[in-house]
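So you can see what is in the structure, the chains are spelled out below.
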Amino acid sequence: MLKKLQILSGAARYDASCSSSGSKREGPASGIGNTSNSGICHSWADDGRCISLLKLLLSNDCQYDCAYCVNRSSNVVERASFTAREVVDLTLDFYRRNYIEGLFLSSAVMGSPDQTMERMVRVAETLRTEEQFGGYIHLKIIPGSSSELVRKAGLYADRISVNIELPSQASLERLAPQKHKEAILAPMALIGREIASSLVERKTSRHAPRFAPAGQSTQMIIGASPENDFQILRLSQGLYKKMQLKRVYYSAYMPVSDDNRLPVLAAPPLLREHRLYQADWLLRFYGFSAEEILSDDAPNLDESFDPKSAWALRHPEFFPVEINRADYGTLLRVPGIGVTSAKRIIAARRFSAITPEGMKKIGVVMKRAKYFITCSGRSFEKNDRPAALLRQQLLLGESPAPARSTQLVIPGIFS
Amino acid sequence: MNRYLYDGTADGLLSAIAWILEEEPDPEQVALAERQDTLFEDGFFLATDAIQAEDLFFRLRQQAPDAAHTLYSFMLAEKEGMESSLLHYIALAFIHGDKVNGYLTHPAVRDIVAVAKKAGRELHRMKGLLRFEKLRDGAYFAKMEPDHNIIHPLAYHFRSRLRAQHWFLYDLRRRTAARWNQGTLQFGTIEQFTAPALSDDEKKVQALWQTFFKTIAIPDRKNPRLQKSNMPMKYWKYLTEKQGE
Ligand code: SF4
Numbered sequence: 001m002l003k004k005l006q007i008l009s010g011a012a013r014y015d016a017s018c019s020s021s022g023s024k025r026e027g028p029a030s031g032i033g034n035t036s037n038s039g040i041c042h043s044w045a046d047d048g049r050c051i052s053l054l055k056l057l058l059s060n061d062c063q064y065d066c067a068y069c070v071n072r073s074s075n076v077v078e079r080a081s082f083t084a085r086e087v088v089d090l091t092l093d094f095y096r097r098n099y100i101e102g103l104f105l106s107s108a109v110m111g112s113p114d115q116t117m118e119r120m121v122r123v124a125e126t127l128r129t130e131e132q133f134g135g136y137i138h139l140k141i142i143p144g145s146s147s148e149l150v151r152k153a154g155l156y157a158d159r160i161s162v163n164i165e166l167p168s169q170a171s172l173e174r175l176a177p178q179k180h181k182e183a184i185l186a187p188m189a190l191i192g193r194e195i196a197s198s199l200v201e202r203k204t205s206r207h208a209p210r211f212a213p214a215g216q217s218t219q220m221i222i223g224a225s226p227e228n229d230f231q232i233l234r235l236s237q238g239l240y241k242k243m244q245l246k247r248v249y250y251s252a253y254m255p256v257s258d259d260n261r262l263p264v265l266a267a268p269p270l271l272r273e274h275r276l277y278q279a280d281w282l283l284r285f286y287g288f289s290a291e292e293i294l295s296d297d298a299p300n301l302d303e304s305f306d307p308k309s310a311w312a313l314r315h316p317e318f319f320p321v322e323i324n325r326a327d328y329g330t331l332l333r334v335p336g337i338g339v340t341s342a343k344r345i346i347a348a349r350r351f352s353a354i355t356p357e358g359m360k361k362i363g364v365v366m367k368r369a370k371y372f373i374t375c376s377g378r379s380f381e382k383n384d385r386p387a388a389l390l391r392q393q394l395l396l397g398e399s400p401a402p403a404r405s406t407q408l409v410i411p412g413i414f415s
Numbered sequence: 001m002n003r004y005l006y007d008g009t010a011d012g013l014l015s016a017i018a019w020i021l022e023e024e025p026d027p028e029q030v031a032l033a034e035r036q037d038t039l040f041e042d043g044f045f046l047a048t049d050a051i052q053a054e055d056l057f058f059r060l061r062q063q064a065p066d067a068a069h070t071l072y073s074f075m076l077a078e079k080e081g082m083e084s085s086l087l088h089y090i091a092l093a094f095i096h097g098d099k100v101n102g103y104l105t106h107p108a109v110r111d112i113v114a115v116a117k118k119a120g121r122e123l124h125r126m127k128g129l130l131r132f133e134k135l136r137d138g139a140y141f142a143k144m145e146p147d148h149n150i151i152h153p154l155a156y157h158f159r160s161r162l163r164a165q166h167w168f169l170y171d172l173r174r175r176t177a178a179r180w181n182q183g184t185l186q187f188g189t190i191e192q193f194t195a196p197a198l199s200d201d202e203k204k205v206q207a208l209w210q211t212f213f214k215t216i217a218i219p220d221r222k223n224p225r226l227q228k229s230n231m232p233m234k235y236w237k238y239l240t241e242k243q244g245e
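So the sequence lines, in the order shown, correspond to chains D and W.
Sequential numbering of the first sequence, starting at 1, is according to our numbering.
Sequential numbering of the second sequence, starting at 1, is according to our numbering.
Everything labelled a hint here was simulated from the structure, so no lab data went into it.
Treat the hints with care, since some could be wrong.
[What the hints assert, rightly or not] Now the stretches of chain D that chain W is said to cover, found in silico as 3 or more residues with beta-carbon under 8 Å:
| # | region |
| --- | --- |
| 1 | 43-54 |
| 2 | 147-160 |
| 3 | 358-368 |
Virtual Cβ for every residue (Gly too), placed ideally from N, Cα, C.
Make a model of the complete structure from these sequences and hints.
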């Protein structure tokens, strides 16, 4: 069991999603577990990432041969598979000791897609019905599994996701020949429809079954194929708007094979992944569109600036913004002002005009914001600097971004 | 400036604040402190009135639920010497309602909100970091030494989460305990503590968790600094995954 766990959690480790939030479930009265809206981290791994779910592959014994994946059938690795019962017991044992919020189960294609999906659904079904488990469950949908199983998965899980894997059909055909665009998009569309109709039904009856209450997410691999950032962001934008996805996760390609269909990378493109996440935030929370962030002429995100600063530099006519008058949407566009500080500014200025002193207390990153704002008409810096000079100033002033960017270690330096 | 004293209890503090808000035209000009037993202390002593205290909290919750929540978290911190700030904060909350928490340019609001935030943060953290061990009789037992007195809200959290099992929480620093068994939650103190015997499979499950914990980290991205800033070392003592490292 220890060995199996090692193989099958090791194989799941590159899966980026650790979020367990967005679903509020009162557990069954006789069972254990609930989920809470804010999400709880139960530990932080040695790489500093939050652990909130028991992240596992049901099996790594894959029939498929995707070039970018360690588990591809042509690769020589140790293989293992769990039974449904083993996963159920592990989840319960961990949950009862408060190690985890729940289970995140994915799998390689073992036998056929349906065979695999059937066993995964059985895990979720046993947890929910036999064991009265009320904790969080996230299931990955295996491309090509029947719509019947997809529906069932959605009834038992809080979140289900289908990996889009690669940003274009051409890349998919080249690198993952057994997966077809249709096999990925069809379940996505089905899930989207089911979520929407379950929400409608629940408006009329509180007892209508909930379908994936925490929504649908997907993941794509960055840097294994030639698409530019503009293509990627437009794809994400489409997924958010047309498929109602909750999140798109980007995962820097880890060189795992010397297959000649793949680019040779010295290191995974972590900075690019980081910039894509920042741009994704702009799409979801800051009211930006992909076309504002990038264009065909400048199709890739600037490595030295976060995308918001880069946008601000291209739009000097938008600034300076007056802190004591600007509306929420405008405040959000100022580099150095995030969602929290924009809300705080709006709250604080109801009492009295905000002074430069007050800005810092509110949590505005003045080092960046000062070039773009006025405070009751007063400016902090000359706002009419030529763009080139401003770029330089910002670069010097830019402190290393927190959290994520600390992952930017050159692999091997610590080991 | 008028100066008032209270007996140092939570009820005493809240009932004193209720009295001052009732009687003093400008609470901003009033100071409130815990009574020390010295002869030379000046100030009027306000007697504790638990009903007044509860009534104050109730009214605050109706008029400014967020501020009441802040007050609750602030009390978990058991902070001394901030009574005047709390008085001024509550006075402002009754004037401005929930908007008061945005008034961060006011020193009292800033101080109270900061303390409350810290307590709230530890409570949230502990919901994740608390570790239960299975005992021989099938009950689950968790030890902790938090900075704030969070056993009550923590127990309520686990009451809805781990309903179907029998469990104990024990705060070693304050010697307080919570117990959930078959639908009832009780609080008490433990004076004499002896470590109870673990169930036979407990070590096996712990080893599985330790294995998972080790394996899930990406080997090339070791980042002990980030790990420690998210999960300060003071909590490691009772973390299953950090034993025997
Ligand atoms: S199907 Fe999944 S597990 Fe199998 S090789 Fe492709 S990506 Fe890897």
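Exercise. Could you tell me which of the numbered hints above are not met by this structure, giving the numbers in increasing order?
Key: Hint check: 2 fails alone, others pass.
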